[in-house]
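A.B. asks: Here is how the chains run, residue by residue.
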Amino acid sequence: MDLALVQTALELGLICSLTVLALFLSYSMLNVCDLSTDGCFTLGAAVGAVVAISGHPLLSLPAAMLAGVCSGFVTAILQTKMGVDSLLAGIIVNTGLYSINIAIMGGSSLLNLNKTDTVFTMAKDALENTPFAGQYKLLVAAVAVILVVVLLTLFLATRLGLSIRATGDNPDMVRSSSINPAFTTIVGLCVANAFTGLSGCLLAQSQKSVDINIGTGMVTIALASLLIGRTIMGRGSILFRAVGVVAGAFLFRLVYTIALRFDMPAFMLKLVSSVIVVLAISGPYLKKQWPLLRRRFLGAKARKGGGSEC
Amino acid sequence: MLTLSHISKTFNPGTVNEKKAITDLSLYLEPGDFVTIIGSNGAGKSTLFNAIAGSFYTDSGSILLDGKDITFQPEFRRAKMMGRLFQDPMRGSAPGMTIEENLALAAGSGGWFSRITRRDKERFREQLALLDMGLEDRMRQPVGLLSGGQRQALTLLMATMVPPKLLLLDEHTAALDPATAEKVLEITKSVVEEHHITTLMVTHNMHQALELGNRTLMMDGGNIVFDVAGEERDALTVDDLLAKFRQGAGKELDNDRILLS
Numbered sequence: 001m002d003l004a005l006v007q008t009a010l011e012l013g014l015i016c017s018l019t020v021l022a023l024f025l026s027y028s029m030l031n032v033c034d035l036s037t038d039g040c041f042t043l044g045a046a047v048g049a050v051v052a053i054s055g056h057p058l059l060s061l062p063a064a065m066l067a068g069v070c071s072g073f074v075t076a077i078l079q080t081k082m083g084v085d086s087l088l089a090g091i092i093v094n095t096g097l098y099s100i101n102i103a104i105m106g107g108s109s110l111l112n113l114n115k116t117d118t119v120f121t122m123a124k125d126a127l128e129n130t131p132f133a134g135q136y137k138l139l140v141a142a143v144a145v146i147l148v149v150v151l152l153t154l155f156l157a158t159r160l161g162l163s164i165r166a167t168g169d170n171p172d173m174v175r176s177s178s179i180n181p182a183f184t185t186i187v188g189l190c191v192a193n194a195f196t197g198l199s200g201c202l203l204a205q206s207q208k209s210v211d212i213n214i215g216t217g218m219v220t221i222a223l224a225s226l227l228i229g230r231t232i233m234g235r236g237s238i239l240f241r242a243v244g245v246v247a248g249a250f251l252f253r254l255v256y257t258i259a260l261r262f263d264m265p266a267f268m269l270k271l272v273s274s275v276i277v278v279l280a281i282s283g284p285y286l287k288k289q290w291p292l293l294r295r296r297f298l299g300a301k302a303r304k305g306g307g308s309e310c
Numbered sequence: 001m002l003t004l005s006h007i008s009k010t011f012n013p014g015t016v017n018e019k020k021a022i023t024d025l026s027l028y029l030e031p032g033d034f035v036t037i038i039g040s041n042g043a044g045k046s047t048l049f050n051a052i053a054g055s056f057y058t059d060s061g062s063i064l065l066d067g068k069d070i071t072f073q074p075e076f077r078r079a080k081m082m083g084r085l086f087q088d089p090m091r092g093s094a095p096g097m098t099i100e101e102n103l104a105l106a107a108g109s110g111g112w113f114s115r116i117t118r119r120d121k122e123r124f125r126e127q128l129a130l131l132d133m134g135l136e137d138r139m140r141q142p143v144g145l146l147s148g149g150q151r152q153a154l155t156l157l158m159a160t161m162v163p164p165k166l167l168l169l170d171e172h173t174a175a176l177d178p179a180t181a182e183k184v185l186e187i188t189k190s191v192v193e194e195h196h197i198t199t200l201m202v203t204h205n206m207h208q209a210l211e212l213g214n215r216t217l218m219m220d221g222g223n224i225v226f227d228v229a230g231e232e233r234d235a236l237t238v239d240d241l242l243a244k245f246r247q248g249a250g251k252e253l254d255n256d257r258i259l260l261s
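If you read the protein sequences in the order shown, they are chains Z and F. Just so you know, we're using this note's numbering here: the first sequence kicks off at 1 and counts up by one. Just so you know, we're using this note's numbering here: the second sequence kicks off at 1 and counts up by one.
Since the hints were derived computationally from the structure, they do not count as laboratory data. Just so you know, these numbers come straight off a predicted model, no measurement behind them. Cβ atoms here follow ideal geometry from the backbone N, Cα and C, with glycine treated the same way. Incorrect hints may have been included.
[Unchecked claim] Here are the simulated lysine to aspartate or glutamate pairs, EDC-like style, with alpha carbons at most 20 Å apart: (1) F:165 to F:182; (2) Z:81 to F:75; (3) F:80 to Z:172.
[Unchecked claim] Sample of chain F residues at the chain Z side, in silico, Cβ under 8 Å: (4) 18; (5) 112; (6) 114; (7) 115.
Excised from the complex, chain F in its bound form:
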């Protein structure tokens, strides 16, 4: 589904601030894969997502999505095939516009001069009801009035409304309170399962990294140091994972927000 071959990205090349964020990274994802990613601070997890989503172009290498070369496609074109959630719940929706208007933009159906129809509204209402947050009765309220958790759930709905080929989740529950985080995670799981969306998820929760999905990657220094799937992964514990990291990266996992339980 997704093929990254030998991608690299260096920020501020040739200056004292030079930072090799990704070095010669290759990765292949099967259709329907749900991959969790963990790694130390500055390992290149977010850079990897930015490279895939097209926030910048890579210095070298190529990116294929569903057999199509998207290496030089601008971000807004790739967005047709990708959904993305950030840690910051405010990034995915327009605060000054109503829930309905945000959903209409995300749905992306109809021509430039189409308006929100009654059928659209019914569809939005049904989908909002699935979130079980009472948002279906607040469709005409500006999104800026929602809580962080509600906004993140809405963003998730917007990202998956037209099921994308690839879903990028960048610690999307990290800024939410535990109960809301749990709920957003539940919604994530059900949406991903329902549409068989290929998913990449960065998390700092080691337990979650092993429990969710079917494959786990560990990143350090701009590359993948450990990649596990299948039965081997099922047998792993958090301690094993930490040991594997030490073995792969040659140092301890030093993420200051990591949750070991």
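Chain Z extracted, bound-state conformation:
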């Protein structure tokens, strides 16, 4: 297998791992399945592209993150202060974001960044004539991921971070520690969606285009990566688990890339990720149910056999 493919998988894996880290915070820690992830990813991509096109490639990153924070804030307010179910809140925001994203892209569903300065072209220029010239994408993605992992790990050890973790673990206990679980949910979703926005922004700039469907299915892909990461790393310290999440994202992309090599059509990505999520979530459940199913099946067979003798 050639190295360029592994490198592409690593680049894509790292960029998407930011979304996986976002779900690590919202899904694993806060216990909220944030279905606005797809729209928020596209939002980050659109905002980042528009800001980069206007000539501010560096500013595009914080802008995309800020857009993500706004999206997360709306999702969080809907579910904590307005009585909307958390899954529904995500779906509603996701739907609304579709219009907003097209509006941000100036009414078009596709933006081209071929001739635009992006953080990647900046890195490419800076690394020219150094041994790393070919790895500029990888370096940008790696720096972003390392920063996010370190910041997230530090954040989760603060009192606010602990409160967010406890909110997913036992909201009663959070309340009895005089902390408002609505507040921790809002903060958690804002931070998580900032990462999602950044992830979308980086993907758009690395592939030099934004299309309105860039984020479609992202939540399932990210969940698959998250669950793969959890399976290979198990339970440990937060840093350990965060690194596992990134590894999961890379592994997912690698398997996918290999599958492409074996002539799997590219459109199969989303089905594969759906199957992985189903396996990872229902696997442990079915394993637990298996002895019972077996007993019932064998029992029925024995009864049937016994009946024929009478």
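Starting from the known structure of chain Z, fit chain F onto it as the hints suggest.
C.D. replies: Using the frame of chain Z, we list chain F on its own:
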């Protein structure tokens, strides 16, 4: 310390499932009071605690704690002044987080971005050592690995770490094995005495109800039917208590878990 005046709470009003859980209940607690509460099934003991803690707002009446009106304060704000333990030992702590992290949240000191310092850890270690359960050597283990008794003792520590003005104990030893229950009760007594915390304790052990604390309430049908303190209480036996209940409620005490000895 705590003043409840004429509080009422009806669940599912206007439906066939309407349940008047508390009806026009008034209660005043002196600072430092340790009050035990007994009552029949569905007497409103837990509803009373929920009303005081703010799990829901009462339909009418007012609640004052230490001179401050908390009638419309949300639960998490009241929690600053109150500690609460449930019968279920799993309710008071976060299983996926370590002992240290749970204690840090309960200690509630420092700003939002403060981290657990070495001094915090030393303080946690000292306080855990007082429980005499070996938890001080397991501070980095997830709470989910502890037994029910250990978790309840930890919850008690968390609830009283910053001594609250009011401690609500809702049969907090009922789900533990007798030896552990005894131990958790001992810890409860010493913590309450040390900090002079005003305490309300629901129990189904009649003997305990008379032995512990300085005042006993009996509840039935959403109200207090018998309230005794001081010398009169010292002279009471379990049989007297049952007779008093019959007199106050007009029926036998029918709690299916009651312990008479």
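A.B. asks: The structure should be examined with respect to each hint, and the outcome stated for every one.
C.D. replies: Against the structure, the hints:
1. F:165 to F:182: Violated: residue 165 of chain F and residue 182 of chain F sit about 24 Å apart, past 20 Å.
2. Z:81 to F:75: Holds: residue 81 of chain Z and residue 75 of chain F sit about 15 Å apart, inside 20 Å.
3. F:80 to Z:172: 14 Å, holds
4. 18: 24 Å, violated
5. 112: Because about 4 Å separates residue 112 of chain F from the closest Cβ in chain Z, which is inside the 8 Å limit, the hint holds.
6. 114: With Cβ-Cβ at 5 Å, under 8 Å, it holds.
7. 115: 5 Å, holds
Consistency with the previously given hints fails for numbers 1, 4, ordered from lowest to highest.
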